Amino acid sequence: MTNFKQNQDTINRQLPRFNQDAQVKPNRQDTTTSSRKLTPHSPFSQGLLWGVAFTLTATVSATIGATIALVSPLSPIIAPLSQKDGFVWKDFWQKEENDHGWGSGWQYNLSRPVNILVMGIDRVPDIPKSSPDVFTGRSDTMLLVRFDPTDNSLRMLSIPRDTRVENAGLEIPKINQANKEGGPALAARILSKTLNNLPIDRYVRVTTDAFTELVNLVGGIEVFVPERMYYVDQTQGLEIDLEPGWQTLSGEQAEHFARFRSNKKGDIGRVQRQQALLKALRKRLQSPAIIPRIPQMIRILRQYVDTNLSLEEMLALANFSRDLERENFKMVMLPGRFSKGDEYQLSYWIMSSGGRDRIMKEYFDQKPETRRWSRKTRRSLNRVPIAVQNTTDEPGLARSVVLYLAENDFYNVYIIENSSPELRKTEIIVQQGDFEAAKSVKKTLGLGRVEASSTGHLDSELTIRVGLDWLDK
Numbered sequence: 001m002t003n004f005k006q007n008q009d010t011i012n013r014q015l016p017r018f019n020q021d022a023q024v025k026p027n028r029q030d031t032t033t034s035s036r037k038l039t040p041h042s043p044f045s046q047g048l049l050w051g052v053a054f055t056l057t058a059t060v061s062a063t064i065g066a067t068i069a070l071v072s073p074l075s076p077i078i079a080p081l082s083q084k085d086g087f088v089w090k091d092f093w094q095k096e097e098n099d100h101g102w103g104s105g106w107q108y109n110l111s112r113p114v115n116i117l118v119m120g121i122d123r124v125p126d127i128p129k130s131s132p133d134v135f136t137g138r139s140d141t142m143l144l145v146r147f148d149p150t151d152n153s154l155r156m157l158s159i160p161r162d163t164r165v166e167n168a169g170l171e172i173p174k175i176n177q178a179n180k181e182g183g184p185a186l187a188a189r190i191l192s193k194t195l196n197n198l199p200i201d202r203y204v205r206v207t208t209d210a211f212t213e214l215v216n217l218v219g220g221i222e223v224f225v226p227e228r229m230y231y232v233d234q235t236q237g238l239e240i241d242l243e244p245g246w247q248t249l250s251g252e253q254a255e256h257f258a259r260f261r262s263n264k265k266g267d268i269g270r271v272q273r274q275q276a277l278l279k280a281l282r283k284r285l286q287s288p289a290i291i292p293r294i295p296q297m298i299r300i301l302r303q304y305v306d307t308n309l310s311l312e313e314m315l316a317l318a319n320f321s322r323d324l325e326r327e328n329f330k331m332v333m334l335p336g337r338f339s340k341g342d343e344y345q346l347s348y349w350i351m352s353s354g355g356r357d358r359i360m361k362e363y364f365d366q367k368p369e370t371r372r373w374s375r376k377t378r379r380s381l382n383r384v385p386i387a388v389q390n391t392t393d394e395p396g397l398a399r400s401v402v403l404y405l406a407e408n409d410f411y412n413v414y415i416i417e418n419s420s421p422e423l424r425k426t427e428i429i430v431q432q433g434d435f436e437a438a439k440s441v442k443k444t445l446g447l448g449r450v451e452a453s454s455t456g457h458l459d460s461e462l463t464i465r466v467g468l469d470w471l472d473k
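Per this note's numbering, the very first residue in the sequence shown carries number 1; after that it's consecutive.
One thing to keep in mind: the hints can contain errors.
Unchecked claim - Calculated pairs, DSSO-like style, for lysine-lysine (alpha carbon to alpha carbon, straight line, at most 27 Å):
1) Lys361 x Lys279
2) Lys367 x Lys330
3) Lys443 x Lys361
4) Lys425 x Lys473
5) Lys473 x Lys442
6) Lys442 x Lys361
7) Lys279 x Lys439
8) Lys283 x Lys442
9) Lys279 x Lys330
Keep in mind that the hints were calculated from the coordinates and are not lab data. In this text the structure is predicted, and so the values were computed from the model without any measurement.
Take these sequences, add in the hints, and give me the full structure.
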């Protein structure tokens, strides 16, 4: 295990502390690198910062590590990582000379697509925050993040914590049990097997406290609360009380928003709210007001992060993320269904093998190994289940969209109750990863913005949130 705090402490011992007047010394192994001033306001620093902000949405650790480049020059001596079962130990970064853009000198870039397992770990009772054992709990959140330089995209797959995994040898066959029983190596092996043997390159683990601290450090995040959330657990000393509507949430409130389970969506509702929080956090981190807080974020958050990413790898990830466009950032949830009451003793999320195969092929470029996958096996688009939601105060808009789609041969369309803020522009939510179907619906409607996130209606493959622009149709 490469502890993030230990890695940074090593760097601090080897190199002088950074300040605004510090001179970056050339790497002793790279004598062609020219020395230059590196300040928080230099083009290099600001360019990296925006990359940092975007990357942080996907993986807290990678971003913190990349931001360290702003406060410490890169160490010429970094201990090699030891190989662990479950991970692909193949370099995915390259060092290139850059004489244009946001800085001069050497630049770290991705040389191939990379898949990173990100886990948010539940609190372990009676374990001090400073102990490495804080990372040994169950995974409350599990994300698989793909950084792909071949098409300049970042894709994030949310895996519900209650996902049932077969033949994994776990005491309880839920994916969130893997880290507790075998650490990140076991979690990676099980997830890889579940996802058509998709290679997983690295891992990041963060404790629950990391997200809470981060939200507080950025001054809170603005989130739409779709309903009254009230829950009290006297044994845990927990009280969740959030009013519906737009709210600026503190770190503790954001954690409550993410963990709330007292609704019919259960664990899947948590996944959807986690995605909403990530989008809100990404937006907040793009504010220039965050720049002065970066060093403080590093000092506070490093104790909550464990990863086997090297500093060079973190820099390559941040540099890649720097110029990502919004449409190239896609989030999706592992398709499936709730288990039936008489199916198992416990409640599970039962993965859809067909939906899994589609996402692995279209989002991760991974085909099934046991059977042929082809676009020809896809259902006709007119049978794709589409939910329609009116976000405005204008009555009848959802019905008019349903009728319009029916006239254009979309037959599996239905209306759902609104639970989102009013939109000026219609959104088409890709609920189960079928991006091509969403683009087809957009073309039919002649308007709308495709949103690759699993925040729509659970029974749908696409959710249309009708905005005010439909009035002009």
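Do the hints match the structure? See the list:
As the CA atoms of lysine 361 and lysine 279 are separated by approximately 24 Å, the hinted pair is consistent with the 27 Å bound. For the hint pairing lysine 367 with lysine 330, the CA-to-CA distance comes to about 19 Å; that is within 27 Å, so the pair holds. For the proposed pair lysine 443 and lysine 361, the alpha carbon gap of about 23 Å is at most 27 Å, so the pair holds. Straight-line distance between C-alpha atoms of lysine 425 and lysine 473 comes to about 12 Å, which keeps the hinted pair within the 27 Å bound.
A C-alpha spacing of about 13 Å is found between lysine 473 and lysine 442, which places the hinted pair at or below 27 Å, so the restraint holds. About 22 Å separates the Cα atoms of lysine 442 and lysine 361, which keeps this hinted pair within 27 Å; it holds. Proximity of lysine 279 to lysine 439 is assessed by CA-CA distance (about 21 Å); at most 27 Å being required, the pair is judged to hold. Between lysine 283 and lysine 442 the CA atoms are separated by roughly 25 Å; this keeps the pair inside 27 Å, and the hint holds.
Simply put, lysine 279 and lysine 330 have alpha-carbon atoms about 11 Å apart, close enough for the 27 Å limit, and the pair holds.
Violated hints are absent here; each numbered hint is respected by the structure.
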